[in-house]
Structure formats: structure tokens, C-alpha cells
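Construct all of the structure, not just a fragment, from the sequences and the given hints.
Protein sequences appear in the order of chains A and B. Taking my numbering, the leading residue of the first sequence gets 522, the next gets one more, and so forth. Taking my numbering, the leading residue of the second sequence gets 501, the next gets one more, and so forth.
There may be inaccurate statements among the hints.
Derived Cβ-Cβ restraints for the label pairs, each shown as a range [said to hold, decoys possible]:
hint	chain 1	residue 1	chain 2	residue 2	range
1	B	L762	A	S585	33 to 41 Å
2	B	Y605	A	Y782	19 to 27 Å
3	B	D566	A	L661	33 to 41 Å
4	A	P677	B	Y605	27 to 35 Å
5	B	T577	A	G568	36 to 44 Å
None of these hints come from the bench; they were simulated from the model. The model shown is predicted, which means the values in this text are computed figures rather than measured ones. For each residue, glycine too, the CB sits at the ideal point set by N, CA and C.
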Amino acid sequence: MAQHPTRRNILFGILLLAPAAAAIIATTLLPVLSNLVIAFQDWNGFGAATWIGFDNFSNAFSDSYFIESMKASFFIGILSTLGAVPLGVLLAACVFKVGKYEGSAYRVVLFVPVMIPLAIIGLLFTFLLNPEMGLINKVLELLGMGSLQRAWLANPDTVLWVIALIGAWRMAGLTMMLSFASMISIPGELFESSRLDGAGYPRQFFSIVLPLIRPSLQVSTVFSFIVLVSTYDLVYIMTRGGPGTVSQTVPIYMMKTAFTYSNFGYSATLGLLFSVAGILAIVLLQRLFKGENYEI
Amino acid sequence: MKFSENSERLERWITRVVLLFFVAITIYPIVFVTINSLKSTDDFYANVWALPKAIHWSNYSEAWFDAKIGQYFTNSTIVVVIAVLIISVFGVMAGYALGRLNLPYAEAILLFFLAMKMVPHESLVMPLYLMMSRMGIIGEHISLILPYAGWGLPIAVYILKNYFQSIPNSLLEAARIDGASEWLSFRKIMVPLAMPAIATVIIFNFVSLWGELLWATVALSTATMKTLPLGIIVFQSEFATDWGPLSAAICMVMLPLVLVFLFMQKYFVQGITAGANKG
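Listed below in C-alpha cells is the structure:
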């Protein structure tokens, strides 16, 4: 039985809660509120700020760089999530199948990319994608597909696809780990009885496993999307937003607007619009996953 | 039995092949960079693919001393260790308060924390930069430690609150009957029991802060101090063709992460899955 809140108890609780609350308020709530204010101002960061109402917002909607950067961010976010989640589920299904000891070794290795900082992943792939001596072009040459060789990161047609693929490579391990964790909680009898009915593993997977791991699929989809839609590090390292502004994601454009062009008000507006778009997308994703609910 | 031993074995082999293929894709970039970190520049350009002709350790010392990776390594260690400590201590306190003390509005407070986690960092860094430069602390270690701690806390509180709630009441009752104060039972019973969750919080935050780039770029834009990821970028843009030392630097960034993960992966996996299955 939980005890009733007494005055002493509440005081103790507040004392314990205060430091965390203060840190969160100072580093997140205050900046968000201040961002909200600056978004309605014209300000270069030094002189006096002038209130300009919704001017920044109307500028943003007619700013082709901003529209393009939104498209780039969401392209990377959606495409790499679409790659990472199914791949992660496939890997989890395989790890689950091969059994406990062998499976745990694969699991550890497949999770490694999730831990490596995006900046380092960017460097690794800059290496592998180097047009003259990078691995990817060498492999294509060996396979007799030399005509497919590209300067992958300098080519406006390929750069966003490549970044999205790398994003998928990075996040697949997370989906794998989370789906695997819910797979092991599925009662074994379910598999045995369907096996007696003659169902092979692929059919078992679609009819038993997939419906039951839906909650962790939801968590990993939302999480992968959040990480990848706001890609900054990867793009910054690999292309700096180039060629031209093709791979300029919103965070890159915002940082440029604020710290290169000293347009702090406009940068705050872009951040606000981007946050709203991102939160809407997440709400939509949650909706998509709601549908029917399966229970064991 | 309809289902033969053979098709069972076949299924196992197919999954094994799929796994080995993806393990190769996953691990190759890391193996590649490790191999090249041991080659001399000539060796590197002669054949990127081959194993090194002779092991060339000097890449490591070159990166560590000449490219100042050692100095950045120290900076990152100081910042990340202190931030993770703050997150763990404050997180344990708040998680306990929300999970065990029956405070009014506990759910609402937790929701507020999680909502704060949802805010994208992109719209925080610029106002935070302005706040901190007005306070005159921008570019100092503290200007990294504070936001790192504040940004890591919501999830830490969430994980720890769930964990504290799962500890059976009987233990606390016993202590209470023996006359232990609220503070004593917190310190002597709850905190030691929560060690696995605390380990999860430590690893989770260590891994995500070790490579943090966005805020570091902004906060340290005019400072001479650099963190490791930032230092590597400078290295890359100044010595772009020096692949050997650059590879060595990359390996040195990854090493602590791999070590931390290997030592504590059991806890880490338990922790993230416990948190995820709640949702």
C-alpha cells in the first residue's frame, strides 16, 4: 500500500524534485519561450530588437530556401525511417530465429551503429563514398557496373538518397533491439500450435509476431523519425548542405541564418515552424499506429 | 508432424545468412577505418583495400598530439562525465519523488518533463546561446554541462520513476517499521536497488553526449576550447587528405563508446527495453 501524502512527505518530495525541475526549466522551457518571443522580432543579436508581428512568418512561407530545406529534412526523415524500421524488424526476426547464444552476438554487433555519434558516421561514409578511392565506387567497378559510379555526395540527384540510406543504416539497430525485446515476451505455445498447423516461419512472423510487437514498432518508428528528421551532424560533416543548397536541412539553414547572417528573429521563426511541423508529423504517426489494437 | 526437421534447419540457415550479410555491412565501415588508421599515407594511397604493409602506430600519436585530439578528449571527458553525474543524481532524486512519494500532480509533472524532451534542440540553441552570452559563461565548460544535463534529465527521470515504482513496497514497509526515516530508506534501500536503472541512464547519456555536435558548435563558436566531435571536424577540414591520422582519430572517438557498451550492454538493453515496453 502506498502511503498517504503527508505534509512532511510533500516537502521532502519537492526538495528532491527541485534540482531536476530547475535544470529542465532553465535549459528547455526558458529558451523555448524566448524563441517564441524572438520569432516575432527583427533582431541581429546585438542592437535593439523591433517587433514586426508576423512578417517573419510570411517571409518564411515565400522563402524558397526554407521550403526546400523543409523538403530535404522530411525527405531524409521519412525515407530513412521507412528503411530503418522494416530492416530492423527483419533483423530482429532473424536474431530471434537463430536462438539465444548465437543471436546475442549478432545483436551486439548490429546495435553498434546506434551508438556511434552521427558526426563520426558522417566521416566514415565520407571515406567510403569518396569518388576516386571510396569503397562504393570500387565495388561497382569490380561488379562491372562502372557506369553507375558517381560522386555520390556532390551529385544533386543522389545526395539526399545517400544521406537517407546512411540514416537507415544507423537506426536499424534500434528497431532490431526493441522488436527483439518484445518478441521474447511472446508465449512459446503460440509458435508450437501454429507449427502443428504447418505454418513456416515467414507465415508465423506475419500472423503472430508482427501484430504482437506493434507497440515497440511504434516507439522505434517515432524515435527514428525524431532523430533523422532533424538531421544536422550527418549533413554538416558530409556536405555542409551542398551541392549548392540541395542537402540543406532546416537545422543547417537555421544555424546559417542566425550565426552567419545574424538574422536571429528569422531563425527563431524557422525553428518554431519546423518544431510545429515535426510535432504534427509525430501526432500523425501515432494516429497511423493506433488503428486496431492487438492484445495477447 | 507435418513440419519436417529439414525445413526447420533450412529456415535457420537462411536467417543465419541474412544476419551474416548485415553484420558484414554493419561492421565493415568500422573495420575499414581501423585498418586504415594503421597505414602510412603512401601505403594508404597505394592500396586502400589491402591490409597495412607495416603497422604504422604513429598515426595515433600524430592525431593525439599534433592534431590536439588528446586535448579535445580531455575536454569531452570533463564535460560529459560531469553532465552524466548531474543527470544521474538529479534523476534519481526526481524519479524517486515522482515514483514513490505519492506527490499530488506527479503524473502532470512527468508529462511536463517529457513534453520538454519533445522540443527539438534546433529551436533551443540560439536563445540559449543568447542567454548564456548575456550571463558571460558562453564558451566555458559550464555552458556545455548545464544544457547537456537539462536535456538528458527528462528521459532519466522517466526511466528511474518506472524503476522505483516496480520495487516492491514490502521492503520499504519493513524499514519504516524499524523506524527508518524517509531519507534513510531512500539512501540505504532505494538507491542501491535502482543500480541497474542508474547504469542504463549513465550509458544512454554518455553515448548520446559523447558525440553531441549541434550545441557544441554554437556554444564554442568563438572559444578556443573544443570538444572531441568539434575537434575532429576541424581536423577533417584542415587535413582532409591526411587519412591515416584522421582514421586514428575516428578510432579514438569510438573506443570509449565501444568499451562502455561492451561492459554494460546487459544493463543497457534491459533499460531501453523496459522503458520502451511501457509505451
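Here is how each hint holds up against the structure:
Between L762(B) and S585(A) the Cβ separation comes to about 48 Å, which falls outside the hinted range of 33 to 41 Å. At roughly 43 Å, the beta carbons of Y605(B) and Y782(A) sit outside the given window of 19 to 27 Å. Separation of D566(B) from L661(A) is about 36 Å and conforms to the stated range, judged on CB atoms against 33 to 41 Å. Distance hint check for P677(A) and Y605(B): the Cβ-Cβ separation is about 52 Å, which falls outside the suggested range of 27 to 35 Å.
Between T577(B) and G568(A) the beta carbons are some 39 Å apart, a value that agrees with the proposed interval 36 to 44 Å.
In summary, the numbered hints that this structure violates are 1, 2, 4.
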